[in-house]
Amino acid sequence: MTRPLLLTGGHLLDPSIGLDGIGDLLLMDGMVAAVGGNIAGPDDAERIDCGGEYVTPGFIDVHCHLREPGREDVETIATGARAAAAGGFTAVCAMPNTDPVTDNQAAVGFIRAQAAKANASRVYPIGSISVGMNGAQLSEMGEMVAAGAVAVSDDGRPVVSAQLMRTALEYARTFGIPVADHCEEPTLAHGGAMNEGVISARLGLKGIPSESEEIMVIRDILLARRTGGRVHLCHMSTWGSVELIRWGKERGIPVTAEVCPHHLTLTEDRVGQYDTNAKMNPPLRTQKDVDALVAALKDGTIDCVATDHAPHHNDEKNREFSDAPNGIVGLETALSVLMTWLVAPGVISLSQLVDKMSCAPARVFGLPGGTLRRGAIADVTVLNPTASWTVKGADFKSKGRNSPWLGSTLSGRVSQCIVAGRQVHTRTIAS
Amino acid sequence: MTGLGKDLLDLESLSAEQITAILDTAEPLKAISLRAIKKVPTLRGETIVNLFFEASTRTRVSFEFAEKRMSADAVNVAIGNSSVSKGETLVDTARNLEAMKIDMVVIRHQASGAARFLAERIESNVINAGDGTHEHPTQGLLDLLTLRDKWGTLKGKRVCLCGDVLHSRVARSNIHGLRKLGAEVAVCGPRSLLPNGAEEALGVTVFDRIEAAIEWADALNILRLQLERMTSGYIPSLREYNRVFGVTRERLDRAPRDLLILHPGPMNRGVEIDSDVADGPHSLILDQVTNGVAVRMAVLYLLRGGRPDLAAAGTAAGE
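Chains A and B, in that order, are what the protein sequence lines are.
Residues are numbered in the numbering used here as their position in the first sequence, beginning at 1, plus a constant of 7.
Residues are numbered in the numbering used here as their position in the second sequence, beginning at 1, plus a constant of 96.
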C-alpha cells in the first residue's frame, strides 16, 4: 500500500480547473484527495516540500516509439517508461510500429504487461490501423480497444489508400477512438531526406515538400467530414497544414492535431553540414512554419504537444545523412526545450504549456488524468522553473542518444514525476 | 586565408582567395604533364587511397595520374554497393584504411555529405571526388581553370550551366566557384531538372529557353543528362530533350558572340550536345580533361602542406 503523499508549498498550476497559486496537494489511494490551501493530511503521509516549484497535472505524450518488441537494443518499454518519468510524462502512448506490429489484442496485452512490470510511467498502447501496417486490411480494433488500446495509427507510414482511411475512421468511430495519421504523400516524399528548399538545394539532398504533408492533411480532414470519425493528425510541420486544420475546425469537423517540440523550435538550418540528429520525418522546416506552428498551438488550432520520441542506435545515426534513420529522442527534453524557447521569452505562458502537455492530450485521446481535480488519478508532475542544465546523452534514461539538443543548456526541469500517487522519478535540483 | 586546411570538401566553403590560390598553383604544374619524364618527387613517400564507391573512369584516372606524377603511392579501392550488403560502414572502411597508415583519401560516394562525414572522422586529408548530388569540387576547379586560361579573368563573364542541375554535383561546384570569382551564373533546363527556387538557393538566373541562354552567355557548361531521368519521369523523352534543350550548331550560329563550350563528360552525343559542337572550334572539353590533372596535382600539393609560391620550385627540383 502506497503511503499518502502530501506536496506542500508548491505553486499549483492546472488550467483544467483554473488553479494558479501556492497550495498543498494530497494524494491518497492513487487519487487526488485534496487540492489547494493548507492541507493537514493524515499522520502517515509522506511530505514533500515543493517550495519554489510548480505542481502540475502529469504530462501525457500521445506519440512515442518504445521499440519493444523487436528493437530492444534501442529502447524497451521499461527504459522508455523511465525516460518518460524523467521528462515529467506520467503517461505515454506507444506507437504500434514494432516488430511484430501491434495489430492484435495479444500484442496490446504484451505492452500493458511490460509496462506494468516497468513500474514507471503509464504506457497506453496504440494499435495499428492495418494488419502489419501494410495498408491493406483493417486490424481488429474492437478487440484491441477491449485489451487497452487507446487509438489506432500506422504511424511511420502514411495510410496511402483513401478508401482504407475512410473505413478506418468509420470503424474506429464505433469504438470511440481517434485514428492518428502520419500525413505523407509517399510519391512526393519518396527518397527525401530533409525539407525541400534552399538548404536541400545547396546540400544536394532530395527534399520533402510541404505539400506531401498538406495533401494528406486535407484528405484526412475531408474524410473525417464525410465519416464523422475522429482524425488526429500527427507531428504537424508546415504553415499550410495549420491553415487546413483551421479550415476544418471552423467547420466543426472532428480533427485534432499535435506538434513536436523540435518543429516548434528548430528550422532546416539545424541540418547544418549533414547532422543526422536533425534528420526526422516530417523534416525540420522554415522559420515561417515554426512561427505558424507556435501561433497555432497558442490559439488552439493545434491541440497538443507530442514528442515523437524515436530512439535509434548510434551506429545507425552515425552514417551518411541520406542513409541514416529518421527521428530523435524527445521525452527527456520536451518540457525544458519548450520552457527555454517558448515560455522564457514570453511566447506562451507556463499555464498554456501545461495545458498543451497534459490537459489537452488527455482530452484528445480520452485518457484519464490531465487534471488535479479532486478524485482524478494521482498523476502529477513537479517542475523547477529556474533549474539550468546541460543536455548530456549519458544522463538519459532512454537508450537513445540521438538528440539535436546534446550540449545545449536548457532552463526548467522536472524534479518529480508521480504516477498513481507514487514517486516514479525524483531529481534533486541544486538551488 | 589561402591555406586549404585539412580537406577539400566543397567550393561553397572556400574563399575566392583560396580558389585562386589553387588555380595559381595548378598553372605551373601543367608543364609536368608535357615532359618526357612526367614525374616530380614532391609527394614521394606519401600514401593515397582512391576510395571509389561509384563507378568512375575519368575522375579516378585523372586523380591517379596526378598522384603518380607527384610520386605518391596510390592505391585504388573500388567498392561497389556490395560493401553495404557486407555490412561494413563507411566509417569502418575508412578507419581500416587509415590503420594501414595512409596520408590521404580521395573519395567518390553516392551519398551527399559523405566526404565531409569521412573527413570529420579520420585524420588523413580527404578530397571529395564527388558526393551524391552535392559537390564535385575538383571538377569545378578544373572548369574554372579552363575558362580562366581563355579569358584571363572570370570577372563579369557569363556562364550558363545547361541541363540536369537538380542532380548535378558538377553544377553546384561550378556555381559556387564561378560566383566567388566574380562571374555571373545562369542555369537552363526543364524546370523538372532544376532545384525548386534555384534563384534563391544558388544565386543564379534561370532560363527556360536554351536560345535565351545562348544569347546571354559567354560560355555554356553542358551537363550530362543521366539517361535514367527519362524512365524515372523527369522528362518525357531524350528526343524531345534534344529538340528543346540540345546545344546544336544551328542554335550557336544565332548567338551574338562565339561561346566557349564545356562538358564534364561523359557526353551523350545527340542528346544534350551535338557532335559538331562538342568537336567544334570553341569546344574546351579536352582542355578540361588536361587541366583536371594539373588541378588535382595542385590540390594534393596544397593539402599536404605545400606553399603556393613554391609549387613551381617543387617542379624544378624534379628536373
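Honestly, the hints are just simulated from the structure, not real lab data.
Everything numeric in this text was worked out from a predicted model, so none of it was measured.
It cannot be assumed that every hint is accurate.
Here are some, though not all, of the chain B residues that point toward chain A, as calculated from beta-carbon distances under 7 Å [unchecked claim]:
id, residue
1, Arg212
2, Thr229
3, Ser288
4, Pro291
5, Glu295
The C-beta atom is built at its ideal place from N, Cα and C for all residues, glycine as well.
The hints, checked one at a time:
Because the closest C-beta pair between B:Arg212 and chain A is about 6 Å apart, less than 7 Å, the hint holds. Taking 7 Å as the C-beta cut-off, the interface hint given for B:Thr229 holds, the closest approach to chain A being about 4 Å. Checking B:Ser288 against chain A: minimum C-beta separation of about 13 Å lies over 7 Å; hint violated. The criterion of a C-beta within 7 Å of any C-beta in chain A is met by B:Pro291, whose closest approach is roughly 4 Å, and the hint holds.
With its C-beta approaching chain A no nearer than about 10 Å, B:Glu295 sits outside the 7 Å limit, and its interface hint is violated.
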